[in-house]
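*Asks:* Sequence:
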Amino acid sequence: MPKKNSLIIYALCIIGLLITNSETYAQLPSTASLLAGLKQSRADTSCIRIYKALVTNYRNEKSDSAIFYAKQGLALANRLNYLLGIGLMHGQIGAVDIAIGKMDSAKNHLTIALSIFEKLKYNPGLVVTNNSLGICLAKMGSYKEAAQHFIASLKINQASNDIHGLVQSYLKLGVLNEQINNLDKALEYYQTALKLNKQLPPSNAEATLLNDVGIIYGKKNQMKLALQYFLDALKKTENHEPELTAMILGNTGAVYQQLGNIKKAFDYQLQSLTIARKLNLPEAEATTLINLASLKTKTKPDSCLILLKQSLAITLMLHQNHLRLDVYDGMIDVYKQKGDFKDAVKTLEFKDALKDSLFTLKNSKDIAGLIANNDLANSKIKVQKLQLINQQNKYKTWITFAVAVCSLIVLLIVFLFYKKTKKLNEQLLIQQDELKNLNNFKDKLFSIISHDLRSPVATIVNLLEVIEDEADITEVRSFIPRLKEHSISTLDVMDKLLIWGQTQLKGITYNKSHFNAKYVITQSLLFHKETAEQKHIQLIDKTPDDIFIFADQTHFDFVIRNLLANAAKYTHANGIVEIDATIDHPKGFTTIAIKDNGIGIAKSLQDRIFEPDNESMEGTGSEKGNSIGLMLCKEFVERNDGKIWVESKLKKGTSFFVSFKH
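Under the working numbering, the first residue of the sequence shown is numbered 388, with each subsequent residue one higher.
To be clear, the hints were calculated from the coordinates, so they are not data collected in a lab. All the given hints hold, so there is nothing to weed out.
List of simulated lysine-lysine pairs, DSS-like, C-alpha gap at most 25 angstroms: (1) K572 - K585; (2) K426 - K449; (3) K1048 - K899; (4) K506 - K974; (5) K542 - K531; (6) K542 - K506.
Label-pair distances were calculated between CB atoms; the ranges are: (7) T918 - L815: 49 to 57 angstroms; (8) D967 - Q940: 16 to 24 angstroms; (9) Q615 - L703: 33 to 41 angstroms; (10) Q814 - K1030: 34 to 42 angstroms.
Virtual Cβ for every residue (Gly too), placed ideally from N, Cα, C.
All chains should be built: construct the whole structure from the sequences, respecting the hints.
*Replies:* So, in C-alpha cells, the structure goes:
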C-alpha cells in the first residue's frame, strides 16, 4: 500500500514550485529576448531585472543556467552597491536551491535576502522570501519556524489586500495544518484559497489547490472523492507546468492503488517518474520511487527494495527527512515480507529516531498556537472595525437626515430665483474670466516692457546722445560695440516678447510626436559652441544615444537652447556646463538636466525664477539677461504635459531639470 504521507510531500514540492513563481505572476519575456536585452543594456541597475527574469525562465528546466545568471546578477549588484538588487539575487539563488534540494544553501541565501528586505521595508520581497523560507524550513523539518514565516507573509498580504498573495499564504498554511494532522483546518484554508483564486486570471494555483483538497480527502479515506479532485487538477495543468503535472500524476496513481486498480496506478506512477527524471526533479523522483515500490512489495520484494534504496539515497542527498520516513516504512514492509526481521528491526530503529527528531506533539501545539493567535488577532481587528463602522453609520444616518432637510429647504428657495439668475450668472462668469485674463496679460506685458525692454533702449538712446556730442571719430567707434550689444539684447527681448504675446492671445499650437531628443540636444550644443569657446567653457554631453520623448519638437528645441544659453551666460571662464538625461525617472518620464558650476541663484530668487517679474542678473561676461526666456520655457514645458524646476546654491552652480513623457 502507498504511504499516505507521500501525498503530503507532493504538496510540499508543489508549494515550493509556486513560491518561486509567485513574484513573477505576470507573463515574462522570452529567454531569447532577455539575452538580447542583456547584451545591449549598460551594466546598471536595470540589468538586475533582466538577470532576475532569466533565472525564473531557467529555474525549472536548467538549474545550472539559473544559478549562473543569478550569481552574475549578484556580482553586478554588489559592484553597484545596489542593496535591493543584492536582496533579489540572493532570493533567486535560494529559490533555485529549493528546487534542486540544496536546503542548507537555500536557507542561508534566503536569510540574507530577508534581512535586506526588512531593512528596505520592501513588502513584495518580504512576502516572497518569508514564503520561500517557510517551505525550506518545512522540508528540513523545522515546522514551527516555517509557520512563523508563513504567518508573517499572510499578515503583509492581509494589510495590502493582495489577492494573489493571500491565495499563496492560505495554501501554505493548509499544507502546514496537514503536517499536524489538522485536516479540517487544512481543508478550510484550501477552500478559502480556491474561493479567492476565482478573482484572479487562470493559473496553476487552481490545479495546486485541487490537488491539495484531493490529498485531504485521501487522508480521510474518501478515495473516490480524492480521485475526482486529482483528475480535475490534471485537466487544469494542461502540461504548462511539468513539475506540477508530475506531482499530481503521482497522487492520482497512489489513489488508484488504494482503489485496487493496480494497472492504472502503475501507469500514472511511470508517467510521473518519466517527467521527474527528464526535468531533473529529485524530490518528485524519490516520491514516485516509493509509490512504485509499494506496487511491488508482495510480488517482487527484491525489485521493491532496489527502488526504495534509490529513493533513500535521494532523500539523504536532499536532507528530505520527512520523505525518508516513507522510505523506512516501505523498507520495513519489504523486510517483513522477506522474513528478514533483523533488518526490519534495525530500520524501525532508524525510523523512530528520525521521527522523534522531526515532529513531536509539542511542534503540533506550537504551530496550532501560532495560527490560533493570528486568527484571534484578526478576529479582534474585525470586531473593532465592525463596531466603528456601526457607530459611524449611526452618525451618518442623523447627518444625512439633517442635510436632506436643509437641502430641501435651500432647493425650494434657490428654485424661485434659478430661472431668472442662471443666464445672467453664466454671462457674468464668462466676462469675469475674459477680463481677468486680459488684465493678467496687461500686467505681464507692462512688467516685461518696463523691466526688460526699457533698460537696453534707454542705454542705446544715452549712447547716441554721447556720440552726437562727440567729435572724435575714435571715441565714436568705441561706443559701437556697446550699441551693438544693447541692440542685440533689445532684439532678443522683442523676439521673445512676440512669441509670448502670441501664446497668450492665440494660444500655443502643438505638433506632438515621439522623437529622439539626442539630435536636438546635439544641435543645441553646436549652436552654443562658439559662445562657450569665447569664455573657455567646456560643454559636456552625457546623454545616451536614444532619448525618446513625446512633445512638440520645436518647443523642446526652444527650451534646451535657452537653458544652455543661461548656463553658459552665468558660468565663469574655464567653467563646465553639462547636460545629462535619466530615462523613466520619474516613472513614465524622461528627465533632462543642464548643470553648471557658475555663480548660482539665491534661494530668495528661485521661487519666482520662472515668473515675468523675475530679476534678471548680469552674466559673468557682462552679458545682459531678461526674464522672458525662462518664463517661456515654463509655458512650453507645462503645455507639453512636462515639468521644469531648478536647484541651485550660490557660488556653486545651478541645475535646471525638465521632464517630458516618453
